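Trainee: So the sequences go chain by chain: E and V. Count along the first sequence starting at 1, add 79, and that's the number in this note's numbering. Count along the second sequence starting at 1, add 29, and that's the number in this note's numbering.
Hints in this document: simulated from the structure, not taken from any laboratory. Only a predicted model underlies this, so the values are computations on that prediction, with no experimental measurement involved. Any given hint might turn out to be false.
Keeping only pairs whose Cα atoms sit at most 27 Å apart, straight-line, the calculated DSSO-like set for lysine-lysine is [to be verified]: (1) E:Lys89 <-> V:Lys331; (2) V:Lys331 <-> E:Lys447; (3) V:Lys116 <-> E:Lys447; (4) E:Lys92 <-> V:Lys331.
Chain residues, written in single-letter form:
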Amino acid sequence: MNLDYSDDQKFLKDEARKFLEARCPPSVVRGVLDDPDKSYDADLWKAVAEQGWLGAAIPEVHGGLGLGHVELCALAEELGRALAPIPFASTVYFCAEAILTAGSDQQKAHTLPKIAAGEWIGCFATSERPGPLSADTLEATVRDGKLSGVKIPVTDGDCAGFALVLAKENGRPGLFIANLNEAGVTRETLKTLDPTRGAARLTFDQVPVWPLGAPGEGMDIVEAVFDRAAVLLAFEQLGGADRCLEMAKDYALDRYAFGRPIAGYQAIKHKLADMYVKNELARSNCYYGAWALNTNAPELPLAAAAARVAASEAFWFASKENIQTHGGMGFTWQVDAHLYFRRARQLSLVAGAPATWKERLVGQLDRKNAA
Amino acid sequence: MDFNDSPEEAAFRSQVRAWLDAHAGPFRSGSSMAARRPSHDELLRLAKAWQAKKADAGYAAITWPKAWGGGGGEPIQQVIFNQEEQKAGVAFPFFTIGLGMCIPTVMAFADEATKKRFVGPAIRGEEIWCQLFSEPAGGSDVAALRTRAERAEDGSGDWIINGQKVWTTGAHYSDYGILLTRTNPDVPKHKGLTMFWIDMHAPGVEVRPIHQMSGGSEFNEVYFTDLRVKDSQRLGDVGQGWQVALVTLMNERLAVGGASGPNYREILELARTTLGADGPAIEDRAFRQRLADWYVQAEGLKFTRYRTMTALSRGQTPGPESSIGKIIAANQLQDLTNQAIEMQDQFGIIADPSIAPMEAAFQQAFMWAPGLRIAGGTDEILRNIIAERVLGLPGDVRVDKDVAFKDMPRGV
Ligand SMILES: Cc1cc2nc3c(=O)[nH]c(=O)nc-3n(C[C@H](O)[C@H](O)[C@H](O)COP(=O)(O)OP(=O)(O)OC[C@H]3O[C@@H](n4cnc5c(N)ncnc54)[C@H](O)[C@@H]3O)c2cc1C
Chain E
80 MNLDYSDDQK FLKDEARKFL EARCPPSVVR GVLDDPDKSY DADLWKAVAE QGWLGAAIPE
140 VHGGLGLGHV ELCALAEELG RALAPIPFAS TVYFCAEAIL TAGSDQQKAH TLPKIAAGEW
200 IGCFATSERP GPLSADTLEA TVRDGKLSGV KIPVTDGDCA GFALVLAKEN GRPGLFIANL
260 NEAGVTRETL KTLDPTRGAA RLTFDQVPVW PLGAPGEGMD IVEAVFDRAA VLLAFEQLGG
320 ADRCLEMAKD YALDRYAFGR PIAGYQAIKH KLADMYVKNE LARSNCYYGA WALNTNAPEL
380 PLAAAAARVA ASEAFWFASK ENIQTHGGMG FTWQVDAHLY FRRARQLSLV AGAPATWKER
440 LVGQLDRKNA A
Chain V
30 MDFNDSPEEA AFRSQVRAWL DAHAGPFRSG SSMAARRPSH DELLRLAKAW QAKKADAGYA
90 AITWPKAWGG GGGEPIQQVI FNQEEQKAGV AFPFFTIGLG MCIPTVMAFA DEATKKRFVG
150 PAIRGEEIWC QLFSEPAGGS DVAALRTRAE RAEDGSGDWI INGQKVWTTG AHYSDYGILL
210 TRTNPDVPKH KGLTMFWIDM HAPGVEVRPI HQMSGGSEFN EVYFTDLRVK DSQRLGDVGQ
270 GWQVALVTLM NERLAVGGAS GPNYREILEL ARTTLGADGP AIEDRAFRQR LADWYVQAEG
330 LKFTRYRTMT ALSRGQTPGP ESSIGKIIAA NQLQDLTNQA IEMQDQFGII ADPSIAPMEA
390 AFQQAFMWAP GLRIAGGTDE ILRNIIAERV LGLPGDVRVD KDVAFKDMPR GV
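Between the sequences and the hints, there should be enough to build the whole structure, so can you do that?
Mentor: See below:
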């Protein structure tokens, strides 16, 4: 048994941290936050592409590094810690994984090298309305190879070059590749809780699309992709949650009240201990998820759900209690605590809310134990 | 990351399974159905015989040196054995405190002759040990203890011990114990302590079982009246008892940890067969959300233990992550059993194993969980430990640090 990063993976992670500390300090995140016309940081995107990170888990034949998914998890952890304001998750965790999972050889050859090189930003367009995703309520429709309908919200829909769109064809859900530079595509940037990760409403009017995977299997593919993305997102959440605990700890040690550091008061100590407990539970579940993802284990759906639930809870708790630990300062725009609070919410919704995942988890568990 | 057994681990596991298949049969305590549940004495007899069998095969203390009667194996092998032993239904609780906490302390501080005398019999289950630390005056603050050890006036070098311990698990069936005493009340509390091993059958030791809120009597009061012990029974130097106790307590954190008792599997099973307002409880959305949380916690703890094992198998010191175990396990047990009882509605009040679902496992654990949140460090003390030792936050304000023990403020 081996439930930790290898030395090489640790090295990669350390290097990634140094790289992001230099290239993605909070000022870069705020550059996107404060500029309504900016949906991501293009320089950081370029730099990350040059590092080869976008293709970390893409096979070498398709222009990637062919490292593996544990390596990608290690990078995700650092990207989450740094709050990297780039369309990494949409492009890599969702789109590349979807194409690797369900794409034809031709589709892989056509798209993956562009993704690995950072030339193609992707987005994953499933949601249309409030409430959990359901095939029954889908309205976007493909007829004669042309897509019409509205997708909202689509993370990175404002900057992406292509979208993977869930839509009905002949009454059954399918997944389709759409080029967003085609005529008939309208994008409208949305105001969201986390402006450091852009999102848009995408309207399609008779846009030609390319089916990904077999007809009628759209929901199955989306669920399979969500399982994979959930593990990777969980590592971003874990990285963010760890950083919140560090921030809270550093502040609590420096801040004095009633003649001593607030870190000496049990109400604060126990709060931070609780953060630690949740973060470690999340880390353990994440590692198991990484293993399942990397080996395509049959346990992946259950492992992914557990990682997502644990990491969503850890990041939510750490991000809100980090603000609390900072007192009035925590409530200011100037302190970075709210950046994490925003990202925590964004990450825990983007592949479906924790409640939805708990439901998936119990569904899996129920089937497994009944079997 | 690799989650499967390595080839060596897999080989060890199948070797263990084969051995358990061949030997465990007669030691299973039978069905846990109330009517056929073995008496405590019968269970103890079975446990001792089983322990001897394990010792013969090198499975009783897998990681300890062979010279001491152990198996000379790896920590991961101990984990694998524990898993398989649990599955085979022959894991007994009686030796955890002795082998997990007391004997490691003896190994660290006793002379060779003493070690030779005690280690083997403990491994073979012939002698059971208990931990005599907590007192009415202090459990969390165990260094506030008052049991006095004074040199005998006859010049023999012996010690005379008077005082009282409390909450001593297993004292009523233990043969030996490690006893923390105060030898000097004129110095601050941590500096005036000394540790001894004692014979629980010696004159001057009186064990009185405590009737627990759960109904059982696993722990005891232990009174010492002019108990005479030899200076050679001292573990560590005079006045160094706190340092010795820390070794015991460090081992406690490794030994305690996983809670036994019903977990998400059992409550899932219960929810399948219990009808709620709109069909089986397992279909209730609110219940499913909580079930997911319990599953995630239980898996998180399991994988946290695997992370510790990974560090050990790489020859590294495990990180502090194992400190989260008991807080989570104890609170989950309380929350989960409470929910299982509530699910049964009016029926949930029934604690009779021959009537209540799952032989009243939930009701029993419900009455036990409060103790688990206290034993081996309370929730609050464990949070303090994580905050101070793991996160490096300051200690609480202390009014007792530089005060002689005898001048310390005290309550009842
Ligand atoms: C089932 C069981 C088995 C046990 N077995 C053994 C055994 O074999 N050997 C042995 O020596 N002991 C044993 N104990 C004793 C156990 O270690 C103590 O009960 C425990 O450490 C708490 O001490 P206390 O009972 O004196 O409670 P107290 O220390 O008086 O605690 C009372 C409350 O005050 C809180 N508190 C205390 N100090 C602080 C602080 N600094 N900050 C915040 N809150 C604080 C506690 O968390 C608790 O909520 C056992 C206990 C139980 C329940």
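Trainee: Need the status of pair Lys331 of chain V, Lys447 of chain E: alpha-carbon distance at most 27 Å?
Mentor: With a Cα-Cα distance of about 18 Å, the restraint between Lys331 of chain V and Lys447 of chain E holds, given a limit of 27 Å.
Trainee: Is the hinted pair Lys116 of chain V and Lys447 of chain E satisfied, with a Cα-Cα distance of at most 27 Å?
Mentor: holds (19 Å)
Trainee: Within a Cα-Cα threshold of 27 Å, do Lys92 of chain E and Lys331 of chain V meet the stated pairing?
Mentor: Satisfied, since the Cα-Cα distance of roughly 25 Å is no more than 27 Å.
Trainee: Sort out whether Lys331 of chain V lies within 27 Å of Lys89 of chain E, counting only the CA atoms.
Mentor: holds (23 Å)
Every hint, counting from the list given before, is met by this structure.
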